[in-house]
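For reference, each letter of the sequence shown is one residue, going 1 to 161 in the numbering used here.
Rather than coming from a laboratory, the hints here were simulated on the basis of the structure.
Ideal placement from N, C-alpha and C gives every residue a C-beta, glycine not left out.
Fair warning: there could be bad hints in the mix.
Said to hold, decoys possible - Using C-beta positions, here's what the derived DEER-type ranges look like:
1) 129 to 161: 37 to 45 Å
2) 63 to 161: 43 to 51 Å
3) 56 to 96: 43 to 51 Å
4) 30 to 85: 15 to 23 Å
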Amino acid sequence: ATINPGLILGPVLGKDFSASVESVKRLMDGSLPGIPRFGWPIVDVRDVADLHCRALLNPAAAGERFIAAGPFYWMADIARVLRSRLPERARRVPTRALPDWLVRAGSLFDPTVRGRLFELGKMRPVSSEKAQRLLGWSPRPNDEAIVATAESLVAHGLVPV
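Please build the complete structure, drawing on both the sequences and the hints.
As structure tokens, then:
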């Protein structure tokens, strides 16, 4: 079986973490002057691990492809969750949107943004219905994955409090 995850969030184990988690870190540490129009379907790392186990143990999964993702969230949605659920830890989370032209201009100086310009303003919802139907898999709510990411970044001293 092949598992195709969305933006993988959730608790980090230390200072080495994925580019997915970097999006939450940059919102929290104040390094973003505003919120660009990027977005992704979100999945918690613990749910990705669970789906891998289910696919390995279920013969019906052989040769199948499964999407591991919950609903699509814009970065503005992630920022709203951080501000509402962790107000004391999310003081540096920006509140204003960055215009697309400014994001494009900034990509000249930031290779991470440059590599993601093709996603700017694009909503790409997906469905994990097949994983739910065939394997009984169910992802936890996006908000839970976002909060777990933020709390673990703080716990490991990776974002200022």
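Taking the hints in turn, this is what the structure says about them:
Take residue 129 and residue 161: their Cβ atoms lie about 39 Å apart, and the range 37 to 45 Å holds. Between residue 63 and residue 161, the C-beta spacing of about 47 Å keeps the proposed range 43 to 51 Å intact. Range check, residue 56 to residue 96: Cβ separation about 45 Å, and the 43 to 51 Å hint holds. Hint check: residue 30 to residue 85, Cβ distance near 18 Å, so the stated range 15 to 23 Å holds.
Going down the numbered hints, you'll see the structure goes against none, and every one checks out.
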